[in-house]
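A.B. asks: The lines below spell out each chain.
Protein chains: 2
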Amino acid sequence: MRIAIDAMGGDHAPVETVKGAIEALNEIDATMVLIGNEGAIKDELAKYTYDQSRVEIIATTEVVENEDKPVIAIKRKKDSSMVVGFEKVRTGEIDALISAGNTGALLAGGLLRVGRIKGIDRPALTTVFPTFSGMFVMADVGANAECKARNLLEFGIMGSIYAKDVLGIDNPKVGLINIGSEEGKGTPMINEAYQLLKESSLNFIGNVEARDIPERKADVLVCDGFTGNVVLKLTEGVAKSFMGEIKSIFMSSLLSKLAAVAIKGKLRGLKTKMDYTEFGGAPLLGVKAPIVKAHGSSNSKAFKNAIKYAEKYVSNNIIEKISKEIK
Amino acid sequence: MRIAIDAMGGDHAPVETVKGAIEALNEIDATMVLIGNEGAIKDELAKYTYDQSRVEIIATTEVVENEDKPVIAIKRKKDSSMVVGFEKVRTGEIDALISAGNTGALLAGGLLRVGRIKGIDRPALTTVFPTFSGMFVMADVGANAECKARNLLEFGIMGSIYAKDVLGIDNPKVGLINIGSEEGKGTPMINEAYQLLKESSLNFIGNVEARDIPERKADVLVCDGFTGNVVLKLTEGVAKSFMGEIKSIFMSSLLSKLAAVAIKGKLRGLKTKMDYTEFGGAPLLGVKAPIVKAHGSSNSKAFKNAIKYAEKYVSNNIIEKISKEIK
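Going line by line, the protein sequences match chains A and B. So the mapping is simple: this note's numbering equals the position in the first sequence, first residue as 1, plus 1308. So the mapping is simple: this note's numbering equals the position in the second sequence, first residue as 1, plus 1308.
Don't take every hint at face value.
Identical copies go unnamed one by one, so any copy, or any two together, can satisfy a pair.
Below, a list of computed lysine-lysine pairs in the DSSO-like style, where the Cα atoms sit at most 30 Å apart [said to hold, decoys possible]:
1) Lys1481 with Lys1579
2) Lys1525 with Lys1385
3) Lys1541 with Lys1632
4) Lys1396 with Lys1350
5) Lys1525 with Lys1616
6) Lys1525 with Lys1620
To be clear, the hints were calculated from the coordinates, so they are not data collected in a lab. Values in this document were obtained by computation on a predicted structure and should not be read as measured data.
Take the sequences, apply the hints, and build the full model.
C.D. replies: Right, here's the structure in full:
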């Protein structure tokens, strides 16, 4: 298996992208393909000792920047690390592409350069969401700000396959994010989605209110991309503000500093449970090849984990399963 | 001033509704009007010593239940505490109505029995939102699952007046909840709302991403009611799951229990800062009389605080100001 990393994508590229790929070598049996500026990649690689037979470079000369207009960048920057990645994953030269670069460009490229699986109307950015009670899958988290009801059904189908194969959950419970628990709540689109999910063969458990999301009421939560993006980022924001506040409480006096020492390990555990770097990437499910979006601020650990998830994505033939299921 | 409480509304009515009204007597100069089952209210009142000249009862025989269909309940249950409250606040016999009962019925009654301020297309359920950096105002949090762009402009106008008069913030900064910080992000409706807000006389600061909501980037945040409801409830859910996790860390060993003692007061402070009962109620801004929704699970403190906010709502002539500004 050959997993490619857009070495130029993300706030800390190419330092963390290359480091993450090297770290992944020890954990999975795949070749890492680094796409980007050859000199910069080689400079980073020189820092490490690693199995050179499993690392390749595809040299490119351009970079899609965060400020670039997605569709224009995808069309014009033909020798960018991201666009070359799309071509290679489309033709099968590489098995998966991971990028922490411009999200809009990655989504546009997934649609325009790689293409949708037949029968899928809208691919979904799908994430593994951390809670204190374990992980669940959420789709869409930002590929489609506006959705039709059938899109949410597709997200449920794809999310269920992902939850089963990547998280190992049998017959995953699917919930619909809504503003009330009873049937009939929400917008007309949400109501229609409720009916489609109810009539489907999915293990649909009904509406899930936002306050119950951290309690992990379902294995898969579906919503439009606007809502999903808000849920994901708000959870991150509230968690961050809580951790900051707790830290300042512990730093406020000598006694509280001693108290902090007493529970230091456990507080670290708390942080780990909510840490996005543990989950690394969000696959764009519904396109014809594995494309995974990593967080813009990803560190090497996040890249390493994104690579590990991508390996499961490929080895479990998730695209084939989606294709079969959607018929 | 005469502030009415739907004594039968909420999970802990009439115990907490009556108790909250009695507690409010000591803090504001207003008469409390308790609407509901006379016997039940009198039984509760008998528990307290209070200024009897400032407490009145309006006896009613029916109750709008949480399971009732909102519009049907509002039409048929004419002698319910909630519907009688609408009539009294509409005619001006009472100056404000607070209810923790059926949210849909309260919203429907506000529209159908009290009516909109001229020029307002959609009233907004508006809440004071707690963060560790202070409070801000958010609208809509659930009255309108679907919105047009002009509604979000109206929410900004009403929210700004509320922030100024109730929170005491001069020239409040208004932000639009969106899935990116740059102009042009989000749905077509959100983009149109962005333009309307930008061209208005409001102190518009642009988009606010969900991850920045807990950092209190704006004094007023506007969004459709679906998004607002998700933001409000998810924040509550994440905060609750964090507090639960922290509690279990502290209870896990003798040493950690000692650590807990060291920072007990400060942890309590943390909880207080995020405590919805401090803020009590969410006014339905845009209707012709002050109607305030209290959380279904409100305790007496939440009711007392809702009453205090309602007093400010009335004494600052907020409805008159909205009416003037919307022209």
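A.B. asks: Going through the numbered hints above, which ones does this structure break? Give me the numbers in ascending order.
C.D. replies: 2, 3
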